[in-house]
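Heads up: the protein sequence lines correspond to chains A and B, in order.
FYI, the working numbering numbers position 224 of the first sequence as 224, with every residue one higher than the one before it.
FYI, the working numbering numbers position 124 of the second sequence as 124, with every residue one higher than the one before it.
Hint data in this document are derived by calculation from the structure and do not stem from the laboratory.
Some hints could be false.
[Stated by the list, open to error] Reference excerpt, derived from the structure (chain B facing chain A, CB under 10 Å, subset only):
| # | residue |
| --- | --- |
| 1 | Arg10 |
| 2 | Tyr14 |
| 3 | Gly57 |
| 4 | Lys77 |
| 5 | Ala79 |
| 6 | Ile83 |
| 7 | Phe89 |
| 8 | Ile92 |
| 9 | Thr95 |
| 10 | Phe99 |
| 11 | Arg152 |
| 12 | Asp165 |
| 13 | Trp177 |
| 14 | Lys184 |
[As the list claims (entries may be wrong)] Between beta-carbon pairs, the in silico distance windows are:
| # | chain 1 | residue 1 | chain 2 | residue 2 | range |
| --- | --- | --- | --- | --- | --- |
| 15 | A | Val157 | B | Glu121 | 37 to 45 Å |
| 16 | A | His62 | B | Glu80 | 55 to 63 Å |
| 17 | B | Val305 | A | Lys7 | 51 to 59 Å |
| 18 | B | Tyr13 | A | Asp219 | 40 to 48 Å |
| 19 | B | Asp22 | A | Pro98 | 22 to 30 Å |
| 20 | A | Leu109 | B | Thr206 | 55 to 63 Å |
| 21 | A | Trp161 | B | Thr169 | 42 to 50 Å |
| 22 | B | Tyr13 | A | Arg193 | 20 to 28 Å |
Beta carbons: idealized from backbone N, C-alpha and C, even for Gly.
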Amino acid sequence: MKTENQKAWFFVLPVLLLVAFNALIPMMTVVNYSVQETFGDNLFFWQGLDWFQQILNSERFHNALGRQFLFTGLILAIEIPLGIAIALAMPRKGFWVPVCLVTMALPMLIPWNVVGAMWNIFTLPDIGLLGYFMNHTLGIDYNMTQDPFAAWVTIIVMDVWHWTSLVVLLSYAGLVSIPDAFYQAAEVDGASRWSIFRYIQLPKMKQVLTIAILLRFMDSFNIYTEPFTLTGGGPGNSTTLLSIDLVKIALGQFDLGPAAAMSLIYFAITLLVSWLFYTLMNRDVQK
Amino acid sequence: MAKITLSNLRHSYYPNPSKPDDYALKHLDLSWEDGGAYALLGPSGCGKSTLLNIISGLLVPSEGKILFDDKDVTHLKPAERNIAQVFQFPVIYDTMTVFDNLAFPLRNRQVDEATVKSRVEAIADMLEVTDMLGTKAAGLSPDNKQKISMGRGLVRDDINVVMFDEPLTVIDPHLKWKLRSKLKELHQELKATMIYVTHDQTEALTFADQVVVMQEGEVVQIGTPVELFERPTHTFVGHFIGSPGMNILPCEVSGGKAMFNGQSITLEGEIEAGEGKSNEIGIRPEHVTIADNGLEAVVSKVSDVGRHNVVEAMVGGTKVASITEESAPNPGESIHLQFDPAKTRLYRDGWIATKSTGA
Numbered sequence: 001m002k003t004e005n006q007k008a009w010f011f012v013l014p015v016l017l018l019v020a021f022n023a024l025i026p027m028m029t030v031v032n033y034s035v036q037e038t039f040g041d042n043l044f045f046w047q048g049l050d051w052f053q054q055i056l057n058s059e060r061f062h063n064a065l066g067r068q069f070l071f072t073g074l075i076l077a078i079e080i081p082l083g084i085a086i087a088l089a090m091p092r093k094g095f096w097v098p099v100c101l102v103t104m105a106l107p108m109l110i111p112w113n114v115v116g117a118m119w120n121i122f123t124l125p126d127i128g129l130l131g132y133f134m135n136h137t138l139g140i141d142y143n144m145t146q147d148p149f150a151a152w153v154t155i156i157v158m159d160v161w162h163w164t165s166l167v168v169l170l171s172y173a174g175l176v177s178i179p180d181a182f183y184q185a186a187e188v189d190g191a192s193r194w195s196i197f198r199y200i201q202l203p204k205m206k207q208v209l210t211i212a213i214l215l216r217f218m219d220s221f222n223i224y225t226e227p228f229t230l231t232g233g234g235p236g237n238s239t240t241l242l243s244i245d246l247v248k249i250a251l252g253q254f255d256l257g258p259a260a261a262m263s264l265i266y267f268a269i270t271l272l273v274s275w276l277f278y279t280l281m282n283r284d285v286q287k
Numbered sequence: 001m002a003k004i005t006l007s008n009l010r011h012s013y014y015p016n017p018s019k020p021d022d023y024a025l026k027h028l029d030l031s032w033e034d035g036g037a038y039a040l041l042g043p044s045g046c047g048k049s050t051l052l053n054i055i056s057g058l059l060v061p062s063e064g065k066i067l068f069d070d071k072d073v074t075h076l077k078p079a080e081r082n083i084a085q086v087f088q089f090p091v092i093y094d095t096m097t098v099f100d101n102l103a104f105p106l107r108n109r110q111v112d113e114a115t116v117k118s119r120v121e122a123i124a125d126m127l128e129v130t131d132m133l134g135t136k137a138a139g140l141s142p143d144n145k146q147k148i149s150m151g152r153g154l155v156r157d158d159i160n161v162v163m164f165d166e167p168l169t170v171i172d173p174h175l176k177w178k179l180r181s182k183l184k185e186l187h188q189e190l191k192a193t194m195i196y197v198t199h200d201q202t203e204a205l206t207f208a209d210q211v212v213v214m215q216e217g218e219v220v221q222i223g224t225p226v227e228l229f230e231r232p233t234h235t236f237v238g239h240f241i242g243s244p245g246m247n248i249l250p251c252e253v254s255g256g257k258a259m260f261n262g263q264s265i266t267l268e269g270e271i272e273a274g275e276g277k278s279n280e281i282g283i284r285p286e287h288v289t290i291a292d293n294g295l296e297a298v299v300s301k302v303s304d305v306g307r308h309n310v311v312e313a314m315v316g317g318t319k320v321a322s323i324t325e326e327s328a329p330n331p332g333e334s335i336h337l338q339f340d341p342a343k344t345r346l347y348r349d350g351w352i353a354t355k356s357t358g359a
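Sequences and hints are given; from them, build the entire structure.
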């Protein structure tokens with residue numbers, strides 16, 4: 001005997017259509033391109049998995065992927081501990097709470113390409129505040145348009161400047177949810193500052209930190225606008241991250257087939273790493 | 001273990017208290033004997049938790065001193081006072097096992113592992129949590145979590161006092177009783193001074209040898225449960241303890257006699273000399289009996305609470321409660337009430353004003 005109400009499908013339908021229109025269909029177009037060769041005029045030739053093979057075997061892709069993992073790894077290694085440290089140092093109550101929160105939120109309100117442009121001007125050796133200060137006041141040779149190391153330092157500092165706040169705000173939310181009794185009990189138990197962090201604060205922040213790491217991983221792994229505006233991927237290819245390389249192939253060289261194959265591989269990696277991380281972090285919770 | 005003395009203690013949460021109402025604790029002089037089981041009883045906001053936090057060292061009092069034996073500990077940190085505190089909501093360290101939770105206060109004090117093991121096992125045995133020692137503490141039920149946080153307090157053998165801040169609030173009713181008797185048992189076994197804060201009179205009266213009743217930042221009476229019940233020194237105590245509380249009846253005093261509703265009421269003893277703004281007669285419903293003669297009253301409500309009936313009757317415009325084990329009259333019926341003279345007290349401005357006859 002079936003008394004299920006099938007009407008619910010009608011309510012889901014608009015969302016399905018919307019998602020199909022803005023995600024599924026464009027995605028399938030990419031899949032379509034990734035297995036064919038085109039010379040314009042809507043002429044397509046079946047290519048099978050050739051493009052995928054080509055991309056996976058190309059040194060250029062390996063290098064870009066390596067740079068991408070290096071970039072993401074570095075910014076996570078800096079932003080997560082730094083964000084936690086700042087959140088721990090923030091006041092829990094009083095006048096300074098809103099001041100801190102607003103100050104923290106400010107960098108995140110600035111559009112990505114504006115951040116890139118700002119840092120571009122900021123670091124110019126002759127007129128930029130930072131560039132001038134480094135070169136003329138401190139006497140350090142700093143020119144990120146010529147020196148790959150300087151370029152790397154700059155994109156990392158820029159990302160830390162832009163996004164550490166996200167980790168701070170999420171960690172802070174986790175911290176303020178801890179009842180006072182936990183701190184009082186720890187004090188009575190004679191716990192050290194480190195033990196309080198290790199056994200009370202960190203476990204209570206675990207959930208929000210998982211979200212913070214996940215968001216920062218996805219965002220930084222897919223990052224395009226800021227480094228492109230700042231360095232354009234240079235000097236040479238030294239800061240050409242995956243997304244910058246992808247745009248070069250797709251729009252610069254107009255190699256739609258390889259670019260489509262690369263997009264799908266790129267997407268698969270992001271998805272895989274996020275899934276692995278999330279599953280590992282939630283192993284205990286689901287038990 | 002130590003005797004705890006609170007001397008001339010006052011505390012205010014304001015930086016510059018000016019009027020008495022600014023003080024959460026108004027002048028306390030108290031001492032707690034070594035090994036006693038005390039309860040701090042009072043309604044929410046009466047200052048009991050403040051007092052507890054001052055003893056544990058989480059708060060530094062605005063004025064006065066705290067002595068453990070003869071040592072001034074007023075400015076010592078909680079960890080330096082060798083005390084233990086159990087909070088309203090169970091505090092456990094989620095990521096640790098039950099064993100590590102219990103071992104935590106010992107390990108923080110660099111106790112050697114062999115001692116840690118024997119102490120933890122002894123405490124786990126007393127609390128009946130031995131079979132859980134290896135499990136993660138996060139998954140425990142609230143009553144077991146609270147047992148673990150009690151255990152963390154009791155595991156050290158050098159503690160001066162164990163304090164409980166309404167520890168049974170989040171525990172299911174049928175487990176409350178079990179945990180409470182467990183506590184009583186632990187007290188007898190460990191002989192540690194225990195201070196138990198609660199607003200629940202049953203908890204206070206069953207746990208403690210001595211109950212300290214507080215109201216608006218002041219101690220109104222200290223006594224054994226029997227003393228508090230039999231001869232409250234303040235109408236607040238009379239009203240707060242008992243179910244229903246003491247009948248507090250406005251009366252007039254003239255020529256050494258108390259007049260209630262136009263009738264002279266015999267009291268336990270002579271009225272002490274003095275003047276006051278208000279006079280009240282206090283008598284517990286247990287000592288009001290329905291009789292053939294006495295105060296005329298009209299029954300307004302009868303509640304059957306199981307063991308006995310609570311009869312509420314109006315004498316003039318004043319409600320008087322009486323507890324009777326026999327069949328109760330019906331509402332609307334006219335009855336006569338008699339007060340047991342030996343249990344009838346006079347209160348002047350809230351404080352007892354009859355001389356005890358020693359009964």
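Hints, verified against the model:
no., hint, result
1, Arg10, "22 Å, violated"
2, Tyr14, "16 Å, violated"
3, Gly57, "8 Å, holds"
4, Lys77, "7 Å, holds"
5, Ala79, "4 Å, holds"
6, Ile83, "7 Å, holds"
7, Phe89, "6 Å, holds"
8, Ile92, "9 Å, holds"
9, Thr95, "5 Å, holds"
10, Phe99, "14 Å, violated"
11, Arg152, "6 Å, holds"
12, Asp165, "8 Å, holds"
13, Trp177, "24 Å, violated"
14, Lys184, "22 Å, violated"
15, Val157(A) - Glu121(B): 37 to 45 Å, "54 Å, violated"
16, His62(A) - Glu80(B): 55 to 63 Å, "60 Å, holds"
17, Val305(B) - Lys7(A): 51 to 59 Å, "53 Å, holds"
18, Tyr13(B) - Asp219(A): 40 to 48 Å, "44 Å, holds"
19, Asp22(B) - Pro98(A): 22 to 30 Å, "28 Å, holds"
20, Leu109(A) - Thr206(B): 55 to 63 Å, "59 Å, holds"
21, Trp161(A) - Thr169(B): 42 to 50 Å, "46 Å, holds"
22, Tyr13(B) - Arg193(A): 20 to 28 Å, "26 Å, holds"
When each numbered hint is compared with the structure, violations occur for hints 1, 2, 10, 13, 14 and 15.
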